[in-house]
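Visitor: Sequence:
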Amino acid sequence: MVKNCSCNSCSRVTRFPRYNDPLKLVETRKGRCGEWANCFTLYCRAFGYESRLVLDFTDHAWTECYSEALGRWMHLDPCEAIYDRPLLYEKGWGKKLNYVIAIAKDGVYDVTKRYTRKWNEVLSRRTITTESSVVSVLTSITKECRRKCTSQGLSILEEHDNIEREALERDLHSTDDAPISLPGRQIGDKQRRIARSEFGTDFLSSSSCTVRICCDEHVTKIYNAFSSILHKFVEDSLTASKGVEVLKILRATVVDLKKLPYKKRRASLKPNSIVGTSLVHQLLPSFKELLNALTLKSELDSNGILSVCLAGNPVQTALALPVALHALDELISDLSKCDNFSKGSLSFPLLRLNRICSGAVLASGEELPFGIATAAFDGTRMSKWEEPNGAKGCWIMYKLSANVQELVAYELMSANDAPERDPMDW
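Okay, so the sequence shown: first residue is 1 according to this note's numbering, each after it adds one.
Hints listed in this document are in silico derivations from the structure and should not be mistaken for laboratory results. A few of these clues could be false.
Unchecked claim - Listed below are the simulated EDC-like cross-link pairs for lysine to aspartate or glutamate, each with C-alpha atoms no more than 20 Å apart in a straight line:
1. LYS118 <-> GLU159
2. LYS343 <-> GLU411
3. LYS270 <-> ASP329
4. LYS221 <-> ASP56
5. LYS248 <-> GLU217
6. LYS105 <-> GLU159
7. LYS148 <-> ASP21
8. LYS384 <-> GLU420
9. LYS242 <-> GLU217
10. LYS148 <-> GLU159
11. LYS143 <-> GLU164
12. LYS288 <-> ASP256
13. LYS105 <-> ASP56
14. LYS263 <-> ASP236
15. LYS232 <-> GLU245
16. LYS258 <-> GLU367
17. LYS113 <-> GLU144
18. LYS270 <-> ASP256
19. LYS384 <-> GLU367
20. LYS30 <-> ASP59
21. LYS30 <-> GLU367
22. LYS337 <-> GLU411
As the list claims (entries may be wrong) - For each label pair, taking beta carbons as the anchor points, the in silico distance ranges come out as:
23. ALA415 <-> ILE356: 20 to 26 Å
24. LYS264 <-> ARG147: 30 to 36 Å
25. ASN8 <-> ASN416: 30 to 36 Å
Beta carbons: idealized from backbone N, C-alpha and C, even for Gly.
Take the sequences, apply the hints, and build the full model.
Guide: Here is the structure:
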């Protein structure tokens, strides 16, 4: 299908093809929620997650992934940069849901009950056909999708179906939903969102974002891991300049690993004219904590070549490598400026130990989908928190889950690339 959109100001017509092929969408990088969900589901499947595309008949789409850790399906909305908040649409946007259908490679599922706590109201709006017909149609499609499955495979799928049916009933009658503020719709033209009643119930009185949880424990582990390496430098009486050369070898290895397919990462630690093979082997035990933080391990082949390769979940490595690269850049820069490298040098800013992590973040505003508040704490310069009205004043709040911590140091970095967002002063 092709839509021709006309500009109200200049009358220029823009051709907007609505592609369904996610590979084509990766190329065009244009679209609305349907295209976003389609692409995101592709990425989830490429990373090995059991995923399905979810279609809301009141005109929205998102993704569900099965979480082995949680033992259930998890809601993911790539447009709104929100996950595991299934009541976002009913409680946040104020949507009047009717049918929410999940489409997977092994069948189609009515998952409406996951997204509502007002089933009787939803039921009154399900007028396309009878409930028995809905069940019959979905069962027929699912049966066709599973036509080539083995009897053992069918048994497993049917068991999963039963577990999900029970979970949906529990969700429907749950009374312990977390008291987290759910915002109205953030993406799209303002007038269109108002017309579709998707602003939520409190958009006139509140501009607060949703509370987000930082998934950044790996960043803390990476920064802590450099302590072992630098202490080994001091113990072995390495000069700052030689230590920098060792770090450059680690950096080159990280760069090589980043270039490889995420499930087949393997690269060698390559000595140079300044740092020989014997020194690399001597320092190897001090690298172990860093390799663990990157979900990597070292291996020595029969030819004496030292390599690093995957030691676990490749997704964890994919998330950690950019952080390690930027942390190495900072450490190389700081160490090269260290005139008298000794045990007394092993403190902030050369070492950034015990970085707080896994807290809850709330900001005055954020730019979806990439400039969300947690981007300020993800340990990489490739992303950033973007406050659309930052130049006029903004705030960001970080809350720890339990224990009180003493803050001894912090760092801030501003991109200074957008005057409307950049702070006038600190």
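Visitor: So, for every hint listed, does it hold in this structure?
Guide: Each hint, compared with the structure:
1. LYS118 <-> GLU159: 27 Å, violated
2. LYS343 <-> GLU411: 23 Å, violated
3. LYS270 <-> ASP329: Answer holds: LYS270 to ASP329 is near 18 Å, not above 20 Å.
4. LYS221 <-> ASP56: Violated, at about 40 Å.
5. LYS248 <-> GLU217: 24 Å, violated
6. LYS105 <-> GLU159: 17 Å, holds
7. LYS148 <-> ASP21: At roughly 24 Å apart (the allowed maximum being 20 Å), ASP21 and LYS148 break the hint.
8. LYS384 <-> GLU420: 15 Å, holds
9. LYS242 <-> GLU217: 30 Å, violated
10. LYS148 <-> GLU159: Status holds; Cα separation ~18 Å.
11. LYS143 <-> GLU164: 17 Å, holds
12. LYS288 <-> ASP256: The given pair, whose Cα atoms are some 18 Å apart, holds under the 20 Å limit.
13. LYS105 <-> ASP56: 18 Å, holds
14. LYS263 <-> ASP236: This hinted pair is violated, its Cα atoms lying about 36 Å apart.
15. LYS232 <-> GLU245: Distance of about 14 Å is within 20 Å: holds.
16. LYS258 <-> GLU367: Measuring from Cα to Cα gives roughly 27 Å; hence the hint is violated.
17. LYS113 <-> GLU144: Not OK: LYS113 and GLU144 at ~24 Å, beyond 20 Å, violated.
18. LYS270 <-> ASP256: At roughly 11 Å apart (the allowed maximum being 20 Å), ASP256 and LYS270 satisfy the hint.
19. LYS384 <-> GLU367: 10 Å, holds
20. LYS30 <-> ASP59: Satisfied, since the Cα-Cα distance of roughly 18 Å is no more than 20 Å.
21. LYS30 <-> GLU367: 17 Å, holds
22. LYS337 <-> GLU411: 18 Å, holds
23. ALA415 <-> ILE356: 20 to 26 Å: Given range 20 to 26 Å: holds, Cβ gap about 23 Å.
24. LYS264 <-> ARG147: 30 to 36 Å: Holds - the Cβ-Cβ distance for LYS264 and ARG147, about 33 Å, lies within 30 to 36 Å.
25. ASN8 <-> ASN416: 30 to 36 Å: The hinted range 30 to 36 Å holds for ASN8 and ASN416, with Cβ atoms some 34 Å apart.
In summary, the structure is inconsistent with hints 1, 2, 4, 5, 7, 9, 14, 16 and 17 from the numbered list given earlier, while agreeing with the others.
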